[in-house]
Amino acid sequence: MTVYRIPIGDAIEAGIDFFVTHLSFATIAFSKFTTKGIAYLSEILMFLPPWAMILIFTGLAWFLSKKWGIGLFTLIGMSLIWNMQLWGPTMDTISLIIIATLLSVAIGIPLGIFSALSTTAYRIITPVLDVMQTMPAFVYLIPAIPFFGLGAVGAIFATVIFSVPPCIRLTCLGIQQVPREMVEAADAFGSSKAQKLFKVQLPIAKTTIMAGINQTIMLALSMVVIAAMIGAKGLGGEVWRAIQRLEAGRGFEAGIGIVIIAIILDRVMQQVAGGKKQQM
Amino acid sequence: MAQKIMIEGLFKVFGPHPQNAIELFRQGHSKNEIMEKTRHQIGVADASFTVDEGEILVVMGLSGSGKSTLVRCINRLIDPTAGKVIVDGEDVTRLSVEGLRQFRLDHFGMVFQNFALFPHRTVLQNAVYGLEIKKVDPAERKERGMAALEQVGLAGWEDSYPAQLSGGMQQRVGLARALALDADIMLMDEAFSALDPLIRSDMQDELLALQDKVKKTIVFISHDLDEALKLGDRIILMKDGAIIQSGTAEEILTKPADDYVAKFVQDVDMAKVITAESVMLKPKAMAYYKTDGPKAALHKMKQSQISTIFVRKDKKLFGVVTADDCAMAAKRGDPTLEQILNTDIETVSLETPGVDIIPLLARLPYPLPVVDADHKLKGVIIKGSLLAGLSERGTD
Numbered sequence: 001m002t003v004y005r006i007p008i009g010d011a012i013e014a015g016i017d018f019f020v021t022h023l024s025f026a027t028i029a030f031s032k033f034t035t036k037g038i039a040y041l042s043e044i045l046m047f048l049p050p051w052a053m054i055l056i057f058t059g060l061a062w063f064l065s066k067k068w069g070i071g072l073f074t075l076i077g078m079s080l081i082w083n084m085q086l087w088g089p090t091m092d093t094i095s096l097i098i099i100a101t102l103l104s105v106a107i108g109i110p111l112g113i114f115s116a117l118s119t120t121a122y123r124i125i126t127p128v129l130d131v132m133q134t135m136p137a138f139v140y141l142i143p144a145i146p147f148f149g150l151g152a153v154g155a156i157f158a159t160v161i162f163s164v165p166p167c168i169r170l171t172c173l174g175i176q177q178v179p180r181e182m183v184e185a186a187d188a189f190g191s192s193k194a195q196k197l198f199k200v201q202l203p204i205a206k207t208t209i210m211a212g213i214n215q216t217i218m219l220a221l222s223m224v225v226i227a228a229m230i231g232a233k234g235l236g237g238e239v240w241r242a243i244q245r246l247e248a249g250r251g252f253e254a255g256i257g258i259v260i261i262a263i264i265l266d267r268v269m270q271q272v273a274g275g276k277k278q279q280m
Numbered sequence: 281m282a283q284k285i286m287i288e289g290l291f292k293v294f295g296p297h298p299q300n301a302i303e304l305f306r307q308g309h310s311k312n313e314i315m316e317k318t319r320h321q322i323g324v325a326d327a328s329f330t331v332d333e334g335e336i337l338v339v340m341g342l343s344g345s346g347k348s349t350l351v352r353c354i355n356r357l358i359d360p361t362a363g364k365v366i367v368d369g370e371d372v373t374r375l376s377v378e379g380l381r382q383f384r385l386d387h388f389g390m391v392f393q394n395f396a397l398f399p400h401r402t403v404l405q406n407a408v409y410g411l412e413i414k415k416v417d418p419a420e421r422k423e424r425g426m427a428a429l430e431q432v433g434l435a436g437w438e439d440s441y442p443a444q445l446s447g448g449m450q451q452r453v454g455l456a457r458a459l460a461l462d463a464d465i466m467l468m469d470e471a472f473s474a475l476d477p478l479i480r481s482d483m484q485d486e487l488l489a490l491q492d493k494v495k496k497t498i499v500f501i502s503h504d505l506d507e508a509l510k511l512g513d514r515i516i517l518m519k520d521g522a523i524i525q526s527g528t529a530e531e532i533l534t535k536p537a538d539d540y541v542a543k544f545v546q547d548v549d550m551a552k553v554i555t556a557e558s559v560m561l562k563p564k565a566m567a568y569y570k571t572d573g574p575k576a577a578l579h580k581m582k583q584s585q586i587s588t589i590f591v592r593k594d595k596k597l598f599g600v601v602t603a604d605d606c607a608m609a610a611k612r613g614d615p616t617l618e619q620i621l622n623t624d625i626e627t628v629s630l631e632t633p634g635v636d637i638i639p640l641l642a643r644l645p646y647p648l649p650v651v652d653a654d655h656k657l658k659g660v661i662i663k664g665s666l667l668a669g670l671s672e673r674g675t676d
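Sequence lines, in order, name chains A and B.
Take the first sequence: its letter number 47 is residue 47 in the numbering used here, and every next letter is one higher.
Take the second sequence: its letter number 76 is residue 356 in the numbering used here, and every next letter is one higher.
Calculated from the structure, these hints are not laboratory results.
These figures come from a predicted structure and were not determined experimentally.
Backbone N, C-alpha and C fix where the C-beta goes; we use that ideal spot for every residue, glycine too.
Incorrect hints may have been included.
To be verified - Partial list, computed: chain B residues near chain A (C-beta under 10 angstroms):
(1) 352
(2) 355
(3) 356
(4) 357
(5) 362
(6) 401
(7) 409
(8) 412
To be verified - Away from chain B, derived, C-beta distances all over 10 angstroms, residues of chain A:
(9) 29
(10) 72
(11) 75
(12) 188
(13) 192
(14) 195
(15) 200
(16) 204
(17) 215
Chain A extracted, bound-state conformation (with noise of 0.2 angstroms):
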């Protein structure tokens, strides 16, 4: 006796290639976005010599940040960086961190926005969510090699989809989040949805969502050091090739590197999103 085995995989197969084929258009047109967009990118990175991005870099985390120890810590980091002949590489991932993130930022303010404003959006996106954060990330780089093949463009793809959750969650929590009498305030002095919006629950949501955009960085790193298993250069790609030599040392200072990104990126945004807070 043979049981009835439900085709789950056979039907989001057909589903891919579906895309591949009837939507080739989209995929050329992303395709061709984020390559341009990461060959600028790494371009304007490596225009300077390293010693000039390394000042420009600290100037910038002192400045968003506002506290000299973040500068101080970007500056021995960086050059820690460099030191460990990993400075190509770590352009590689800032750039592929930069287009993702924006991307995500892209899709994932209007979507929350959407689902905080409608019910039934609400109710669709949120299970979506769900599955989304609690697939395994490997599982978003396969559909991405038939999509893009191999290379930058399938991590970029991996990558969104993996980070743009909490974006769209932490907008939508910002905005429900509101209190009721200043929603009530804004419609009672004659706002139209956008005046509402963009004058009172986006700005009242404002940290809210920062941690959102905070998050999805993070994540958005943690996921191109794993997309370099289809191809993406970068830290990920180093650690990656170390695992295939089993050159421990090498793979530990791709990891540094790493680390030394996630800590400057994390506390620059944290002082981005908390210091309008204290404002406030």
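Since the structure of chain A is provided, determine the placement of chain B on it from the hints.
Chain B alone, transformed into the frame defined by chain A:
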């Protein structure tokens, strides 16, 4: 006075099939029965009332009585289920989304219990929010915003953020935000309830002073009877979504519509409600400074069986003389009252509350004169008449 707001048969029922609940209510079922039968919550039940232009109407009731829902139905922050809300002849319930937006800008300023200020905007930016929405040009916006802040006593604070202000000051910003728009109706939802008692009392006084100048039509929601009595030209009492009595403060205090109202008002300190006018007596006699000498004054006092007499000059209250002094002056043969006249006397106005009269009476050796704005004697208060006024309600 013109009717500014007219509410007719207003219902608000929360739930998917409100008409059934309204039907049940009309058949005489109570709010709780309807809740049990249909799982529908009645917010406002068949409310009808009017608000005159320039008056302060206080809607009062305990929490859950539907007063906040009622006021939100007026500017449709909550859409009423049935009934009419007519403001300046226009039925608010029939306005389109865009029409309603415009109508709110033109007619309604609102002040909220927890201030509902926008934390990311400065005091001035908060005050001009309505004007910004109305697309008033920036220069005029700033001017009107500053004028509104000045009116509420916040000049100099325009660049602060709400979080830097105390509760009382925050609510002034809330008030300024409603005033800046120059709408003719102010809806105030428990506007002072979140403030501590001393500040609350100050804010009430200031609102009354402000109202003398701006003459808005104010619908004020409160759960505090003392506040209602102090502010309200008229008061509406609500229970379970329905209006159970409306009238002036004195009507509600002296003729409570039912036991519920009576219970509600029993703890009111009458001394705060009662005014000089309501407890004063007509002076039994008066002396005239220009024509009466000590003998004449003494004669008038004997006739009326009083021991002091007030003296009038040029139709104004001028002073007081006692019988003992008059007798001595008469012996000396003084031609006028000049020598014995005491012109340094305490007076109160018609509106002075009983609570302020009691300490004055306690230390005065003669009755307390009540005068009008022209300093003309309207009546006198003696201890007996005040006590009678205070206890009158008990015997009613």
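Now for the hints, and whether the structure bears them out:
Of the supplied interface hints, the one on residue 352 (chain B) holds, with its beta-carbon coming within about 8 angstroms of a beta-carbon of chain A, less than 10 angstroms. At its closest, the beta carbon of residue 355 (chain B) sits 6 angstroms from a beta carbon of chain A; the interface hint therefore holds under the 10 angstroms criterion. With a least beta-carbon distance of about 9 angstroms to chain A, the hint placing residue 356 (chain B) at the interface is held under the 10 angstroms criterion. The restraint placing residue 357 (chain B) at the interface with chain A holds, with a minimum CB-CB distance near 5 angstroms, inside the 10 angstroms limit.
At about 22 angstroms, the closest approach between the beta carbon of residue 362 (chain B) and any beta carbon in chain A exceeds 10 angstroms, and the interface hint on this residue is violated. Below 10 angstroms, beta-carbon pairs count as interface contacts, and residue 401 (chain B) has one with chain A at about 8 angstroms; its hint therefore holds. Taking 10 angstroms as the C-beta cut-off, the interface hint given for residue 409 (chain B) holds, the closest approach to chain A being about 6 angstroms. Checking residue 412 (chain B) against chain A by beta carbon gives a least distance of about 8 angstroms; that is within 10 angstroms, so the hint holds.
For residue 29 (chain A), the condition that its CB be more than 10 angstroms from all CB atoms of chain B holds, with the nearest at approximately 37 angstroms. With 10 angstroms as the threshold on Cβ separation, the claim that residue 72 (chain A) sits away from chain B holds: the shortest Cβ distance comes to roughly 32 angstroms. Distance check on residue 75 (chain A): its Cβ is at least 33 angstroms (rounded) from any Cβ of chain B, clearing the 10 angstroms threshold; non-interface status holds. Consistency note on residue 188 (chain A): stated as away from chain B, yet its beta-carbon is not over 10 angstroms from all of that chain's, at 4 angstroms minimum.
With a least CB separation of 6 angstroms from chain B, residue 192 (chain A) falls inside the 10 angstroms interface cut-off, contrary to its annotation. Remark: the non-interface label on residue 195 (chain A) conflicts with the geometry, its nearest Cβ contact in chain B lying 6 angstroms away (cut-off 10 angstroms). Non-interface call for residue 200 (chain A) relative to chain B: violated, since the shortest CB-CB distance, roughly 6 angstroms, does not exceed 10 angstroms. With 10 angstroms as the threshold on Cβ separation, the claim that residue 204 (chain A) sits away from chain B is violated: the shortest Cβ distance comes to roughly 6 angstroms.
At roughly 22 angstroms from the closest C-beta of chain B, the C-beta of residue 215 (chain A) stays outside 10 angstroms, upholding its exclusion from the interface.
Violation of the numbered hints given earlier is confined to hints 5, 12, 13, 14, 15 and 16; the remaining hints are satisfied by the structure.
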